[in-house]
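Asker: Read off the chains here:
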Amino acid sequence: MRKGRGDLASSDGKRSTSDSHARDELKSDLADFEARLQKKQKAHLQPQNTAARSSAMGIAFRLTTELVAGIFVGGGFGLLLDKWLGTGPLFLLIFFALGMAAGILNVFRTAKELSARAEADAKNNSGD
Amino acid sequence: MAAEEAASGAAHHAGGLAIDPMHQFRVETIFPFHIGGIDMSFTNSAAWMVGVAVAISALTIVGMGRGSMVPGRWQSVAEMSYEFVANMLRENVGDSGKRFFPFVFTLFMFVLFCNMGGMLPYSFTVTSQIIITFALAFFIFLGVTILGFAVHGFHFLHFFVPKGVPAALLPLLVVIEVISYFTRPVSLSVRLFANMMAGHTMLKVFAGFVIAMGWAGGFLPLAFMVAFSGLEILVAFLQAYVFAILTCIYLNDALHMH
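Sequences listed follow chains A and B, in order. Everything in the first sequence is counted per this note's numbering, starting at 15 for the first residue and increasing by one. Everything in the second sequence is counted per this note's numbering, starting at 10 for the first residue and increasing by one.
Note that these hints are calculated values from the structure, not bench results. Note that this is a predicted model, so its numbers are computed, not measured. Careful: at least some of the hints might be erroneous.
[As the list claims (entries may be wrong)] Computed list of lysine to any residue pairs in SDA-like fashion (alpha-carbon distance at most 20 Å, straight line): (1) B/K213 to B/V36; (2) B/K172 to A/K54; (3) A/K126 to B/N101.
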């Protein structure tokens, strides 16, 4: 197909420029090859990553630990502050609530990151 | 502890085949060794870690020993793991992450081999101990925080100040951000530990069902075990991957902030 087009171009009467034509042809061929190669490589590299990411149980587990860790760390901070200042359960209660907020913030961020990745993967996969 | 030992001993005598799903997590001393009252004995856990380090070194050194243009089987595995980690680092940190390649590669391979080693029969799963995973996660957290301050100086504290927030809400949000930052080592370590421990306990429990149900009904849990072992191998890889990729993300945060 490409050969045929090249022949047509050279038989168009521009015989003097046929040499540069051939070079252009070669260059565009190379660029074309590069594009196709990159697409193939992407297709080869991507599935492995999607497979690794897309385990639903893994995602659920990740989100859960983020939430629970927030509550534990918040509660731990409050407990330490209470021990240090001797202020009953005051800081434990405050930091427990703050820990929940931090946990939910973590979950939100993780989910956002996961969906951004999923979107990027979908774009890559539909590209080829 | 003594009572537990006695109970498991009794079970041994009673059934002959004791079903104790937690036995696999017991740390046993191989060579007793004490320094100044601190127990530093060489345990089965330590032995497995040495084994993992030797296996990784063997794979990378012997595998790449010939360094031929057309790689053989072992060289392919070594090259694939190198490229896998290099890609992960490039995607998540960028070019400035290249100098952390040895760190992330070592971390990924160590966790991966510990997880995979745990899938061998009669093995000990190093990463099913919270103290191991927490030590790993804690030093990552410490290193990344030091790196952040080394690169940005006190400007790194701006990491805890979200942008575009009314001044009245700022004190509250900064505290939440700081707590959220400190959850990193906890969630990182608990995720790996809980995954490995839950999976291995479940495998042992179902293996117990196979024996308990005998020839008549044991095939159902056996079939489940085969499928679940496959899933466990996937989880072993996945958790090593997640551990490494989160390290990359933390590195990226420390290097480039937001």
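Asker: Decide, hint by hint, whether the structure agrees.
Answerer: Do the hints match the structure? See the list:
1. B/K213 to B/V36: 17 Å, holds
2. B/K172 to A/K54: 40 Å, violated
3. A/K126 to B/N101: 15 Å, holds
Violated hint: 2 only; the structure is consistent with all others.
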